[in-house]
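Could you slot chain B onto chain A? The hints should help.
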Amino acid sequence: MTEEKTAAEQCDEACEANERIQEELKFSKIKVKPVKLTGEINIPDLNPNAMLGVKAQLLTAKEMLEHLGYPADGLIPNWKEVFLRKMDEMLKKYRSVKLFMDICVKCGACVDKCHYYLGTGDPLNMPVARAELMRKVYRRYFTLPGKLFGSRFVNGSDLTEELLVTWYTYFYQCSECRRCSVFCPYGIDTAEITMAAREILNSVGLVQKYLHEIIFKAQTAGNNLGMQQNAIINALEFVQDDLQEQLEMDNIRVPIDEEGAEVLFVTPSADFFASPHIESLYGYAKVFHQAGISWTMSTHASEGGNFGLFIHNYEHMKKINKRIWEAARDLKVKRVVGGECGHMWRVLCNYSNTMWGPFDYLDPKYKRPQHICELTNDLLNRGALKIDKSANEEFIVTMHDSCQVARAMEMGGMPNGQFEIPRAVIRGVCEKFVDMPEATIRERTFCCGAGQGLLGDDMMATRVKGAMPRMQAYHYAKQESGVNFVALICAICKAQLSKMFPAYGIAMEEVGGIHQLVGRAIVLGAKESV
Amino acid sequence: MINGIKFMIDMYVSGIVYAACLVFAAGFLCKIYFGYYKTPQPLKIPQTPQPTTLSGVIMRMAGDVLFFRSLAKGTTLLFIAGWVFHFTFLLMIIRHLRYFVHPVPGFLVALGNGALAIASLLMVALIILFVRRFMDKKVNYVSSFADYFVLLLIMGIVQSGIMLHYERFRPNVVEVKAFMLELMELKTPFLVMIMHPHHAPGNPLFITHLSLVALLLIYFPFSKLMHAGGYFFSPTRNMINNAREVRYINPWDKG
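In order, the protein sequence lines correspond to chains A and B.
The first sequence: position 417 = 661 (the working numbering), numbered continuously.
The second sequence: position 57 = 49 (the working numbering), numbered continuously.
Calculated directly from the structure, the hints in this document are not laboratory data.
We treat Cβ as the ideally placed atom computed from N, Cα and C, and that holds for glycine.
Don't take every hint at face value.
What the hints assert, rightly or not - Which residues of chain A face chain B? A few of them, derived with a C-beta cut under 10 Å, are:
#1 TYR361
#2 ASN399
#3 LEU403
#4 LYS633
#5 ASN660
What the hints assert, rightly or not - If you want the ones that stay clear, here's a sample from chain B, every Cβ over 10 Å from chain A, calculated:
#6 ILE8
#7 LEU14
#8 ILE37
#9 VAL76
#10 PHE137
#11 ARG160
#12 ALA170
#13 LEU175
#14 HIS190
#15 LEU217
#16 TYR223
What the hints assert, rightly or not - Below, simulated EDC-like cross-link-like pairs (lysine to aspartate or glutamate); rule was C-alpha separation at most 16 Å, straight line:
#17 LYS576/A to GLU506/A
#18 LYS578/A to GLU502/A
#19 LYS578/A to GLU457/A
#20 LYS578/A to ASP679/A
#21 LYS578/A to ASP607/A
#22 LYS306/A to GLU503/A
#23 LYS722/A to ASP679/A
#24 LYS563/A to ASP245/B
#25 LYS380/A to ASP332/A
#26 LYS65/B to GLU687/A
#27 LYS576/A to ASP501/A
#28 LYS336/A to ASP245/B
#29 LYS609/A to GLU237/B
#30 LYS380/A to GLU406/A
#31 LYS129/B to ASP289/A
#32 LYS30/B to GLU333/A
#33 LYS65/B to GLU682/A
#34 LYS246/B to ASP501/A
#35 LYS453/A to GLU682/A
#36 LYS129/B to GLU687/A
#37 LYS453/A to ASP317/A
#38 LYS273/A to ASP701/A
#39 LYS65/B to ASP356/A
#40 LYS270/A to GLU406/A
Extracted from the complex, chain A is given alone in its bound form (with noise of 0.2 Å):
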């Protein structure tokens, strides 16, 4: 009898915990005014919680959460204990997290280095507070002065509701750019601390809309934008059927699960239609049709992105990785090659060999995942393509150096190459190209505000403060040496830009991919093959 009760109790004890943090975390409109341009990013006052009501939306749909393994009615009940146990998880399975935790001596080398503190001045966005919100429980909980004599002695926070709603806010205010960790005396990143942030808030029940419905479509239907197969089919005949229309040539083809081809082509899924992602699939197909490459691409592996990157659960990951490699073995390709997107790099190139590794069954000569920018620049310096640079006389060319490809890996299997071999590249088809401030681009390059799954609609706030340092970066070089075009290889940075431009009062026209100016400077049909 009494037993009973306290069950009721409880229940209603923990509804009544899970609705106010639903109230606590509901998504309101924030309207932000971009600041006016002056080429100068200067380091703001502090202004807490100027960002504390910008909330992700939370995901509902139970079908998307009970397929991720994620508690499908908000708030658990017994949240505490679950969220230590997979605290305790992530400390033990990454040694990142656990390393990080200990040894930030808060010199303050990170303080004004996150794009999203620049923008906003709340203190919760620089790295080493934000990163301080998950050492307070560390101490707290992880550590023996904290278990012994409480949060007061060791500076720590007991898990609170309050808690949980700062986590939730500021781990979905940080791109996981890693800008920060470029500067950190001891390589802090705190990318990594987020990615554990965030799939422990998901082990309670508090699982971000926008990045997780796009884990679920990757791994149901293959790719971000949820397209069945027939729906990608139809997508690519119309490209196809665009670019010959437009070339006035019938044998430039957009291939679609070619058993036997060469090459397979995995890309963004935005690429298939997004503004101004489809000019650069001209350009791969224009690429691959003047190199004679066969190509394929893939209604399985319909997608070059892997979202499972950006929280730390190696499944995700895995899972959507999987249909890259089932693609290659069923359609029988010697290579493959990964289009414009950011992440991608990390995944496809850095992390797909670990994950599912060897590719014994790809040519030996190509047993690591390309980069097209790689295939490109080889084909460029060999003079397999014939370019007229005068095709993109009009652009005065700078690069944003999209940051998970900056600070991912190196291309060209050299250091620094992932700089130098999209910069040759742009060089190639174009007569002029310009950097940015040095203090903007390469290993020191500002995210666009939108990455890592912040990129919904729900985040405009952010994303419109965010993207001011490179605004800012574009400006400079616009005045200084009347730059009119950015080129870059990350759909999501595409998307975010091209829709910043406007916000900042620059032409949307200005953003593209580096094989928008390839597609542009080729000459078709100068040369049958290599």
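Coordinates of chain B only, in the frame set by chain A:
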């Protein structure tokens, strides 16, 4: 009465030295071995600039450890003050070897000539770091008591050390060295355990200096000071960027 106090001082001084060394060594090694070395790193996450060879990684880490190259990319003041602090602190530790080795090698004698200047520089660097932490609003926001505590503790060590340099406070150096050499003998800890400590120098300032050092050593493994050993395990710094060429195995998902 006098003998009783003398005995207690001897016991205290010997005791804290052994306790501090034990806690430091055991704590540091445990953290390094179980906390960092034994914790798996599932994926390669080297950060730019990413060397593609082992020698490249060694050069990169040497640059970070010896010249604070990552830090140098950011704030100049912090870089200079931080580097001077670490470097002069290291020199002071090396100089103190003369109390533990016999005979004293020539370079330690030479280092002794510049000791006061080095220690003063160390103090200046500490003051800059302290004031910066206090004055810079952003750094102040993220600082807690522990961050100021370490600085103050090291300042205390340096200040007492500088004072010991002067005639007025100077202990009998020969006596200090004899005591240290005795402490390093294998039988001494057992003698201390059975309450037969060696005769310790009674200089109060010296005992303060030594106590503060012992406190620092005991505090070390439980604090952010673990960055000293932890850096070498930092996956963004110590990994070779060759995941495409050489398959990296995830320790908990061996495929």
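Hints versus structure:
1. Checking TYR361/A against chain B: minimum C-beta separation of about 9 Å stays under 10 Å; hint holds.
2. With its C-beta approaching chain B no nearer than about 4 Å, ASN399/A sits inside the 10 Å limit, and its interface hint holds.
3. Hint status for LEU403/A: violated, given a least beta-carbon distance of 19 Å to chain B, over 10 Å.
4. Checking LYS633/A against chain B by beta carbon gives a least distance of about 30 Å; that is not within 10 Å, so the hint is violated.
5. Contact between ASN660/A and chain B, as hinted, is supported at the beta carbon level, the nearest pair being about 6 Å apart and thus within 10 Å.
6. Interface exclusion of ILE8/B from chain A stands, the closest Cβ pair being 20 Å apart, more than 10 Å.
7. With a least beta-carbon separation of about 16 Å from chain A, LEU14/B lies farther than 10 Å from that chain, consistent with its non-interface assignment.
8. The Cβ of ILE37/B does not lie farther than 10 Å from every Cβ of chain A; its closest approach is about 6 Å, which violates its non-interface assignment.
9. Every CB of chain A lies more than 10 Å from the CB of VAL76/B, the least distance being 14 Å, so the non-interface label holds.
10. Here PHE137/B does not stay apart from chain A, with its beta-carbon only about 7 Å from theirs, under the 10 Å limit.
11. Listed as outside the interface, ARG160/B is consistent with that label: its C-beta sits roughly 36 Å from the nearest C-beta of chain A, beyond the 10 Å cut-off.
12. Every beta carbon of chain A lies more than 10 Å from that of ALA170/B, the smallest distance being close to 37 Å; the non-interface claim holds.
13. Annotated as non-interface, LEU175/B keeps its C-beta farther than 10 Å from every C-beta of chain A; the closest such distance is 28 Å.
14. For HIS190/B, the non-interface assignment is confirmed: its Cβ lies about 33 Å from the closest Cβ of chain A, beyond the 10 Å cut-off.
15. A cut-off of 10 Å between C-beta atoms contradicts the statement that LEU217/B is not in contact with chain A; the least separation is 8 Å.
16. Chain A draws TYR223/B into its interface by the beta-carbon criterion, the shortest separation being 5 Å against a cut-off of 10 Å.
17. In summary, the hint linking LYS576/A to GLU506/A is supported, as the alpha carbons are separated by about 8 Å, within the 16 Å threshold.
18. This hinted pair checks out: LYS578/A and GLU502/A have alpha carbons roughly 13 Å apart, not beyond 16 Å.
19. The straight-line distance between the Cα atoms of LYS578/A and GLU457/A is roughly 32 Å, outside the 16 Å bound, and the hint therefore fails.
20. Taken as a hint, the LYS578/A and ASP679/A pair is broken in the structure, with Cα atoms around 36 Å apart against an allowance of 16 Å.
21. Pair hint LYS578/A plus ASP607/A holds up; C-alpha atoms about 5 Å apart against a cutoff of 16 Å.
22. Of the supplied pair hints, the one linking LYS306/A and GLU503/A is violated, its CA atoms being roughly 37 Å apart against a limit of 16 Å.
23. About 11 Å separates the Cα atoms of LYS722/A and ASP679/A, which keeps this hinted pair within 16 Å; it holds.
24. Of the supplied pair hints, the one linking LYS563/A and ASP245/B holds, its CA atoms being roughly 13 Å apart against a limit of 16 Å.
25. This hinted pair checks out: LYS380/A and ASP332/A have alpha carbons roughly 14 Å apart, not beyond 16 Å.
26. As the CA atoms of LYS65/B and GLU687/A are separated by approximately 11 Å, the hinted pair is consistent with the 16 Å bound.
27. As the CA atoms of LYS576/A and ASP501/A are separated by approximately 11 Å, the hinted pair is consistent with the 16 Å bound.
28. Under the criterion of a C-alpha separation no larger than 16 Å, the hint pairing LYS336/A with ASP245/B is consistent with the structure, at around 14 Å.
29. Proximity of LYS609/A to GLU237/B is assessed by CA-CA distance (about 11 Å); at most 16 Å being required, the pair is judged to hold.
30. Simply put, LYS380/A and GLU406/A have alpha-carbon atoms about 14 Å apart, close enough for the 16 Å limit, and the pair holds.
31. As the CA atoms of LYS129/B and ASP289/A are separated by approximately 8 Å, the hinted pair is consistent with the 16 Å bound.
32. Of the supplied pair hints, the one linking LYS30/B and GLU333/A holds, its CA atoms being roughly 14 Å apart against a limit of 16 Å.
33. Distance restraint check for LYS65/B and GLU682/A: the Cα-Cα separation of roughly 12 Å lies within the 16 Å cut-off, and the hinted pair is therefore satisfied.
34. With a C-alpha separation of about 31 Å, the suggested pair LYS246/B and ASP501/A falls outside the 16 Å cut-off, and the hint is violated.
35. Restraint check: the Cα-Cα separation between LYS453/A and GLU682/A comes to about 36 Å, which exceeds 16 Å; the hinted pair is violated.
36. In summary, the hint linking LYS129/B to GLU687/A is not supported, as the alpha carbons are separated by about 27 Å, beyond the 16 Å threshold.
37. For the suggested pair LYS453/A and ASP317/A, the alpha carbons sit about 14 Å apart, so the restraint of at most 16 Å is met.
38. Only pairs whose Cα atoms come within 16 Å are accepted, and LYS273/A paired with ASP701/A is accepted, the gap being roughly 10 Å.
39. For the given pair, LYS65/B sits about 12 Å from ASP356/A by alpha-carbon distance, which is consistent with the 16 Å threshold.
40. For the hint pairing LYS270/A with GLU406/A, the CA-to-CA distance comes to about 14 Å; that is within 16 Å, so the pair holds.
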